[in-house]
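**Student:** Since the structure of chain A is already known, use the hints to place chain B on it.
One line per chain: the protein sequences are A and B, in this order.
Position 174 (the first sequence) corresponds to 174 in the numbering used here; numbering is contiguous.
Position 146 (the second sequence) corresponds to 146 in the numbering used here; numbering is contiguous.
Since the hints were derived computationally from the structure, they do not count as laboratory data.
Don't take each hint at face value.
Said to hold, decoys possible - Derived coverage of chain A by chain B (criterion: at least 3 residues anywhere in the stretch with Cβ under 8 Å from a Cβ of chain B; other residues may be distant):
1) 23-35
2) 127-140
3) 158-164
4) 190-204
The structure presented is a predicted model; accordingly, all values stated were derived computationally and were not measured.
We put the CB at the ideal spot given by N, CA and C, even for glycine.
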Amino acid sequence: MHTARTNPLNTLAMHGALILYTLIALFPVFVILINSFKTRKAIFREPLSLPTADSFSMIGYQTVMKQGDFFLYFQNSMIVTVASLFFILLFGAMAAFALSEYRFRGNMLMGLYLALGIMIPIRIGTVAILEMMVATGLVNSLLALILVYTAQGLPLAVFILSEFMRQVSDDLKNAGRIDGLTEYTIFFKLVLPLVRPAMATVAVFNMIPIWNDLWFPLILAPAEEVKTLTLGSQVFIGQFVTDWNAVLSALSMAILPVLILYVIFSRQLIRGITSGAVK
Amino acid sequence: MRLTVTHHKPKIRWHIIVFLTPAVLVYTSVMIFPLFNTLRLALYSQFEQQRVFVGLQNFQTLFGDPIWSEQFWNALGNNFWFFFIHMLVQNPIGIILAAILSHPRLRFAALYRSAIFIPTILSFVIVGFAWKLILSPIWGIAPSMLDAIGLKFLYAPWLGKEEYALTTLSLISVWQFVGIPMMLIYASLLAIPDEILEAAEIDGITGMSAFWKIKLPLILPSIGIISILTFVGNFNAFDLIYTAQGALAGPDFSTDILGTFLYRTFFGFQLQLGDPYMGSAIASAMFAIILIGVCIYLFGIQTRMRRYQL
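Excised from the complex, chain A in its bound form:
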């Protein structure tokens, strides 16, 4: 559009509105981060100023390191998130390939069945999930969480990936078949590399809710050695409510990994959302 003229006043108003909202969005995060590096006295006296040489203190972080096993929590969260994403992507892509590539009786029905879970939250079934995990001895294990998150992520993954797999050219796959490739080789060597962008989108969509979930860690894996970072920081902060340094530092330590992941993946995430993959 070359014809539209923009009134400079309008531009100013637009930037004003956006800057205002950006400040609202970032202010709490900023306040938590700066105060986590201050002495207790400075936290209360000058809550909005940056830490100075005088007020700088790492006492909160020291308490967190001594009292809470944050590295273990972090490791647990990492294992759960990475393993769940791996299974969501692998199983989701395999099912999506079967649904989009082959014609067989019940194809439509299977697609609908797998899509049911997009709208129905898995939390509704928590009572029976806990009962099942207790019966199979999986309670208080990371595997229980991985299974739940895999099941939760599969419906949308299958839906998005099969949309993308329909666009992969048939000629390519048929050429492979003429060369004597098995269906498995076609899937792993030809199709998977071509839908890699869609896989990244699915991964990024699932990553944040899995990492941040509190409900299932609280119910299925509350034991100390399997606590995720989200649950671990929740419990830790609950115990240290009056120790403001420790609480602020624990919050900052919980913010940091997510923020780093976001900086790495934000382009992928935003491209995923705006490409209209989710409709």
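**Tutor:** Chain B in isolation, oriented as in the chain A frame:
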């Protein structure tokens, strides 16, 4: 499956089964089966260590017993208020931000977009505690900031007052999730072809009237999707209330929603023992509510919405 005795290829295509099995197995056993099992458990109860079939008695208790029904309707009402605030505040702000961001020659759009999305990626634990600290009268950030603009008289310990706590928490949740409607609407605004807007411009429709008359009707389907996503998300919300107010959803249950009510009933807290069967009954009620919402959307709204071929 037809069996033919001739030397054709075997009819069972094993690779299809191999491709489908893992996903179907995990999904069925961890999601669908427990879902129906929970609905079934709602019909049972425990008597002397035995699981006994009691029919609809749990629901009778839930809706008939004054103690239970009061809690249930309180949680449901709060949940609707929670949803109402989201629809009234979160989605309009999201649409406005998206409309500004999609302006063709806006500079730093990507920067604003990424920054405004940051709260959405944070966990409820962070969001809940961070706001609790900021609004706390002990720390005094909120009152001193209001003082700076001469509005100190407006300050109250919002999270601690029965009449404000739920609205405050809803607004915190809005703050966290505004990024989602913003992104989805932004995407659908970008999908509007330039020719349509140019044609309108030739007819003299620009600026605000272009938004109301052309863009808004075109993004209505996206607004519908956002509404149903908000609905489903709100009616199984739990984490924020739990981290900010605890399982008791204080003060005096004024912030209790279905998620926290389910947690308390099913898992127990302090003095009350957990009751999985009543928990299942509440979960079934939540399932019904979400199902009704989704059906209203699918059959009542989505099919009637006018879609324009772009």
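**Student:** Please flag the earlier hints that this structure goes against, numbers listed from lowest up.
**Tutor:** Hints 3 and 4 not satisfied by this model.
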